[in-house]
Amino acid sequence: MNDAQPEGFDRLLRGAIDVHVHGRPDISAALPLRGDDVAVARLAQAYGMSGWVLKSHLWATMDRARAVRDHTEDFQVYGSITLNPPVGGLEPSVVELAAAHGARVVFLPTWGNAADVERDGYIAMLLRRVSPSFAEYHDRTAIALLDPSGALTGRARAVIDACHALGLALATGHASLAESRAVAAYCADIGQRLLVTHPLHYTRDPAELRDFGDMGAFLEFANAPLVHPDGHLTIRDVHEALTAVGPDRAILSTDVFSRWVPPEPECLRMFVEQLAYLGWADEQIAMMVSANPREFLGVTA
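The working numbering numbers the first residue of the sequence shown as 4 and each following residue consecutively.
In case anyone wonders, no lab produced these hints; they're calculated from the structure.
Fair warning: this is a prediction, and the values are worked out from it, not measured in the lab.
Glycine residues also receive a C-beta, built at the ideal position from the N, C-alpha and C atoms.
Each hint should be verified, as a subset may be incorrect.
[Said to hold, decoys possible] Derived CB-CB ranges, DEER-like:
#1 G249 with V133: 33 to 43 Å
#2 G234 with D142: 33 to 43 Å
#3 H235 with R14: 25 to 35 Å
#4 R262 with T237: 18 to 28 Å
#5 A33 with T144: 21 to 31 Å
#6 R14 with D142: 46 to 56 Å
#7 E10 with G157: 50 to 60 Å
#8 D142 with H167: 24 to 34 Å
#9 A33 with A138: 34 to 44 Å
#10 A210 with R262: 33 to 43 Å
#11 E211 with R131: 26 to 36 Å
Modelling step: build the complete structure from the supplied sequences, incorporating the hints.
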């Protein structure tokens with residue numbers, strides 16, 4: 004830290020792991036983020052953080068994670084794969100190959116999820132800007148996690164089974180509320196570690212949020228919707244949701260990838276400082292940014 008930073012500036016992020024970091028670039032090289040991967044990782048170290056998970060909506064990130072680790076010291080970067088159409092969708096073989104290549108986290112489909120296609124999600128809008136043929140591809144390759152009866156598809160179960168067999172962490176991506184509930188129930192049955200991503204995109208009902216925690220899932224609360232010009236959430240919405248869920252089942256992350264926001268470590272610092280202002284204790288914040296991410300990832304360091 005330099006002299007411009009107040010004493011204890013990094014106290015709430017010491018040992019933190021951000022489980023949702025979009026590297027540079029993600030969607031397109033024409034949509035640059037704030038700083039390259041190595042520079043931002045070094046900044047995160049200066050903020051007291053221990054590591055993060057690199058995520059991409061398009062490609063596996065294991066090689067990028069390894070490259071960042073090679074250029075930083077004592078900073079852990081975990082690779083991941085998102086099961087969108089470019090990697091084949093719900094394919095257990097892809098999960099197995101990703102694990103063999105060093106993946107730690109598997110994200111279920113994001114923009115490729117049929118529910119996200121139906122609502123014409125934000126990422127799809129960005130992808131249409133860079134791919135003239137994307138709209139047809141998007142509609143044609145939409146991936147559903149549930150069959151017409153409302154049960155998990157066999158492919159979805161096979162992917163979850165592969166994650167469990169390989170000790171990988173699983174996240175719900177842009178699954179609908181019904182899909183996330185079905186995934187959480189199946190994961191609870193087999194003992195699979197699960198993170199429900201973006202739960203506030205689909206519900207703010209405290210009972211529904213608590214149900215996920217009761218099934219053993221972690222719930223992710225990201226800073227991205229709080230800093231986006233079209234964001235629909237405020238820090239007090241997150242505060243109320245955390246009050247309903249409790250810090251023992253919550254994970255705080257960033258998920259930012261835009262030019263108008265600060266780099267990820269500063270976004271995470273802003274996030275936790277605001278929660279501290281609203282009354283969350285240091286030990287509760289440490290649980291949500293450090294202990295719970297480690298438990299989700301299945302790591303100790």
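> Which of the numbered hints above does this structure break?
Replying inline: Numbers 2, 9, in rising order.
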